[in-house]
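Below are the chains, spelled out letter by letter.
There are 2 protein chains.
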Amino acid sequence: MRRLRYNVAMSLDGFIAGHKGEYDWIVEDRTIDFEALFREFDTLLMGRKTFEILRSQGPGGPSAGMNIVVVSSTLRSADHPDVTIIGQDVVRAVATMKASPGRDIWLFGGGMLFRSLLDARLVDTVEVAVMPVLLGGGIPLLPSGQRVAGLRLVSSKALPSGIVMLAYELPKGSV
Amino acid sequence: MRRLRYNVAMSLDGFIAGHKGEYDWIVEDRTIDFEALFREFDTLLMGRKTFEILRSQGPGGPSAGMNIVVVSSTLRSADHPDVTIIGQDVVRAVATMKASPGRDIWLFGGGMLFRSLLDARLVDTVEVAVMPVLLGGGIPLLPSGQRVAGLRLVSSKALPSGIVMLAYELPKGSV
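These protein sequence lines are chains Y and F, in that order.
Quick note: the first sequence uses the numbering used here, first residue 613, plus one each step.
Quick note: the second sequence uses the numbering used here, first residue 613, plus one each step.
Keep in mind that a hint or two might mislead.
As the list makes no split between identical chains, a pair holds if one copy fits it or if it spans any two.
Below, a list of computed lysine to aspartate or glutamate pairs in the EDC-like style, where the Cα atoms sit at most 20 Å apart [said to hold, decoys possible]:
no., residue 1, residue 2
1, K710, E634
2, K769, D645
3, K661, E781
4, K661, D641
5, K784, E739
6, K769, E739
7, K769, D731
8, K710, E652
9, K769, E781
10, K661, E634
11, K769, E652
12, K710, D731
13, K784, D716
14, K710, D736
15, K784, D691
16, K784, D731
17, K710, E640
Think of the hints as simulated: they come from the structure by calculation, not from any bench.
If we strip away everything but chain Y, and leave its shape as in the complex, we get (with noise of 0.2 Å):
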């Protein structure tokens, strides 16, 4: 089973961005070796906003290569012919895509998918590079809803530029 991991850079205080999406605050380290990150995904999934981001950033970057998938009700298959678009019933497309071989999907942003699929019991990982950055307002890791507890924390490394990365394993079935 391909695992479904939520991997983004998170400020101090909790957001993934800033209120209009801005990313100006997230640090550069060059010890992370992004290559090696992105061989062990094929797959991005994003909401629309996301994704709007990324298109925003012109071609290459992270995306290059990579199946794109997007949640959204309103984008058009025909508008976006290099992407595949959910546009209704995310939870059991989501489920498919998992069970589907290839290699890891990498859930890419945002919060509000996030919040769905983690109700859902369809995200494995929690994956943040936490910034040393007090951000003060922005869209959050996690929109309001339950509590999950029982994280298990599986690596935790801090960087030279002070990012510190964690990984996290959701509890299975006990949300």
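The hints should help you fit chain F onto chain Y, whose structure is shown.
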């Protein structure tokens, strides 16, 4: 100069307490040397809500032997002869306290007091025990406001329970 240190437990999604002040989600870890930690401080500084939660826990606990300083415009000194109440001019009172002799001052909560003292450049460190819990709502580490970048990670330690202890120095004079 005594340091003012914001030392709190935080859920992975950035909350220091539940909506009603709940702290039942905080994981216990017997490897934490609380006695050594408490010896670094002689004063607990907090807002009124945090004070009321502390008092509701009864005698003993973290406040035993500490000077208690509560920021509140409603509490009256006559009703609480054993604590110091700062009723106005909070920034000046805290600056005076920092300049007086003594051990470090523990900014014990809550987030609103942290925000006002952060904006006044009076907080020296942010020390967060990240709990392996997604709380899904509550009192944030830091209420909305100005961004503070350039925190310096001074220590990072993962504990057997899955708690990750992070300590940062705030930038001097650049807030």
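Right, here's what the structure says about each hint:
1. In this assembly of identical chains, the alpha carbons of K710 and E634 never lie at most 20 Å apart, being 30 Å within a copy and 36 Å across copies at closest.
2. Proximity of K769 to D645 under the C-alpha cut-off of 20 Å is restricted to the intra-copy arrangement: shortest distance 13 Å within a copy versus 22 Å between copies.
3. Taking the shortest alpha-carbon separations for K661 and E781, neither the intra-copy value of 26 Å nor the inter-copy value of 34 Å comes in at or below 20 Å.
4. Taking CA atoms no more than 20 Å apart as the test, K661 paired with D641 passes in neither setting, with 25 Å inside one copy and 39 Å between copies.
5. In this assembly of identical chains, the alpha carbons of K784 and E739 lie at most 20 Å apart only when taken from the same copy (16 Å versus 30 Å across copies).
6. Taking the shortest alpha-carbon separations for K769 and E739, both the intra-copy value of 11 Å and the inter-copy value of 17 Å come in at or below 20 Å.
7. Neither within a single protomer nor between protomers do K769 and D731 lie at most 20 Å apart by alpha-carbon distance, with minima of 28 Å and 30 Å respectively.
8. Taking identical chains as interchangeable, the C-alpha atoms of K710 and E652 lie at most 20 Å apart only when both belong to the same chain, with a minimum of 14 Å there against 50 Å between chains.
9. With identical chains, the CA atoms of K769 and E781 are at most 20 Å apart both within one copy (16 Å) and between copies (18 Å).
10. Taking the shortest Cα distances, K661 and E634 sit within 20 Å of each other inside one copy (12 Å), while across copies they are farther apart (33 Å).
11. Proximity of K769 to E652 under the C-alpha cut-off of 20 Å is restricted to the intra-copy arrangement: shortest distance 19 Å within a copy versus 26 Å between copies.
12. In this homomeric assembly, K710 and D731 come within 20 Å of each other (Cα to Cα) only inside a single copy, at 16 Å, whereas the closest approach across copies is 46 Å.
13. Only within a single protomer do K784 and D716 lie at most 20 Å apart by alpha-carbon distance; the minimum there is 17 Å, versus 42 Å between protomers.
14. Proximity of K710 and D736 under a CA criterion of 20 Å is satisfied intra-copy only: 11 Å inside one chain copy versus 46 Å between copies.
15. In this assembly of identical chains, K784 and D691 lie within 20 Å of each other by CA distance neither inside one copy nor across copies; the values are 38 Å within and 50 Å between.
16. For the homomeric pair K784 and D731, the shortest alpha-carbon distance inside one copy (12 Å) is at most 20 Å, but the shortest distance between copies (42 Å) is not.
17. Taking the closest pair of Cα atoms, K710 and E640 never come within 20 Å of each other, the shortest separation being 31 Å inside a single copy and 35 Å across copies.
In terms of the numbered hints stated before, the structure departs from hints 1, 3, 4, 7, 15 and 17, listed from lowest to highest.
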